[in-house]
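One letter stands for each residue in the lines below.
2 protein chains.
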Amino acid sequence: MLVGIGLMPHGNPVLEPPDGETRKLAEVLRRIGEEFKDVDSYVLISPHNARMSDHLGVVMAEHLVSWLGFEGKELPGKWETDVELAKKIYRAEKEAGMPVVDLNFASLKGQYSRWPLSWGELIPLQFLERKPLVLMTPTRGVSRETLIKFGEVLGEVVEGEEKRVALIVSADHGHAHDPNGPYGHRKESEEYDRLVMELIKENRLDELPSVPEELVRNALVDSYWQMLIMLGAMRKAEFKLKSSAYACPTYFGMAGALWVRKN
Amino acid sequence: MLVGIGLMPHGNPVLEPPDGETRKLAEVLRRIGEEFKDVDSYVLISPHNARMSDHLGVVMAEHLVSWLGFEGKELPGKWETDVELAKKIYRAEKEAGMPVVDLNFASLKGQYSRWPLSWGELIPLQFLERKPLVLMTPTRGVSRETLIKFGEVLGEVVEGEEKRVALIVSADHGHAHDPNGPYGHRKESEEYDRLVMELIKENRLDELPSVPEELVRNALVDSYWQMLIMLGAMRKAEFKLKSSAYACPTYFGMAGALWVRKN
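Each protein sequence line maps, in turn, to chains A and B. Heads up: the first sequence runs through residues 31 to 293, numbered per the working numbering. Heads up: the second sequence runs through residues 31 to 293, numbered per the working numbering.
Keep in mind that the hints were calculated from the coordinates and are not lab data. The reader is advised that the hints may include incorrect statements.
As the list makes no split between identical chains, a pair holds if one copy fits it or if it spans any two.
[As the list claims (entries may be wrong)] Capping the alpha-carbon separation at 27 Å, the derived lysine-lysine pairs in DSSO-like fashion look like this:
no. : residue 1 : residue 2
1   : 139       : 217
2   : 272       : 103
3   : 103       : 139
4   : 108       : 139
5   : 67        : 217
6   : 231       : 67
7   : 217       : 270
8   : 193       : 179
9   : 161       : 54
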């Protein structure tokens, strides 16, 4: 069953918060880790792993190995894939006609069957107890409906499990908050981030699909597609928001949110 | 244009040949490197990189970084992707309706856009001058016709290029040559390897598609699917065999072959 959902940023600042807001955000991330410390597995959706134009991915490789930090922040470590759950999800998505591939590397099994991790996974994982993972990758090149449907199928598979599973969505939001940052300043980044936090806090996630495409594009976000998958998965049970926070200590917006199952 | 093709093994023994046959094989591999030392780019097809059940892959990540050696044989290094050619190939394959995905990692561009290499690529690359690559991955879960067609489309794209491109096919053959090896002894490994060498030396590669499925399966090979892609690509111009060799110093068969363009 799906015991809850953690929306987690993947920016380096949450590791060493430079200000009060970021400290509050890091506190929410620690609460997510605490809430899910007894789950059996995580499903982790990350936008900074394999990136394919028009296919989602489910990593089948047995071993998940730290490979790439951001701005020199290396976070070594090794995690194991919940291969059984990964296979169930992949098969169900294929049967539902979803554009998805299974991702393995080098060998199909054993010590050489491994897959690299980037900061997109490694930063959320710093706040979570080490447990088996199903690593999944979103895509921007399919319709919103497809992403939501993909999430619904994911939610159904997880709900059908005896295992207690938490869904972790790695996401950063607008990337143009700082005139001196790499993407400059755009008012849409502020607008998008404010809207996303409203939808989260006011229990209005069902409005996500109606966020204008132009706003998503101009805000330079790194969150929208995996949040649509999250929305689909959350339709399969009832969840309540337990904690949330937002911070923007550099040029990109970061949000943390914890939802737990109502019953 | 496609200036030639190198069929190259990826077994550690070619790096330090333990016997005369393997030395001769390594000599063929050095000749492949010598023949292609002036090409602009390689297209490299490897069975030990991303492995997907029913999709081929074209790596778009800008940087290709050594990640995984076999039995502790690490071969560090970094190569660059020929992104322009990779995009052309991917687009042409998509337009032809091929089951293919573009593979990037972490970021779409820049220093973080990188992809891991295994022994499947690193061993052939030891014999080749460092040049831009298009790394592609075969799949076993599509029809033989699809693999050949994929190769034909690849061949057409490369033939349409001003760049001089060599196709490198990384492949090992039967894996059950040694009763004490990890896969034991099977007569089909010998039979398959003998047949492949006959087809190569007697200019009968067109017979590849009629190799019985049972033989391919029972011989435990790691070559058949990418050789079908090679066959498709080779149909787009005329090539002659310049050099070939076979060796089986451990439990798996290794073949090297160099074809060059006739005109």
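Each hint tested on the structure:
{"no.": "1", "hint": "139 x 217", "in the structure": "between (48 Å within a copy, 24 Å between copies)"}
{"no.": "2", "hint": "272 x 103", "in the structure": "neither (30 Å within a copy, 49 Å between copies)"}
{"no.": "3", "hint": "103 x 139", "in the structure": "between (30 Å within a copy, 19 Å between copies)"}
{"no.": "4", "hint": "108 x 139", "in the structure": "both (16 Å within a copy, 26 Å between copies)"}
{"no.": "5", "hint": "67 x 217", "in the structure": "neither (38 Å within a copy, 52 Å between copies)"}
{"no.": "6", "hint": "231 x 67", "in the structure": "within (24 Å within a copy, 61 Å between copies)"}
{"no.": "7", "hint": "217 x 270", "in the structure": "neither (30 Å within a copy, 62 Å between copies)"}
{"no.": "8", "hint": "193 x 179", "in the structure": "within (22 Å within a copy, 43 Å between copies)"}
{"no.": "9", "hint": "161 x 54", "in the structure": "within (25 Å within a copy, 49 Å between copies)"}
Checked against the numbered hints above, the structure breaks hints 2, 5, 7 and satisfies the rest.
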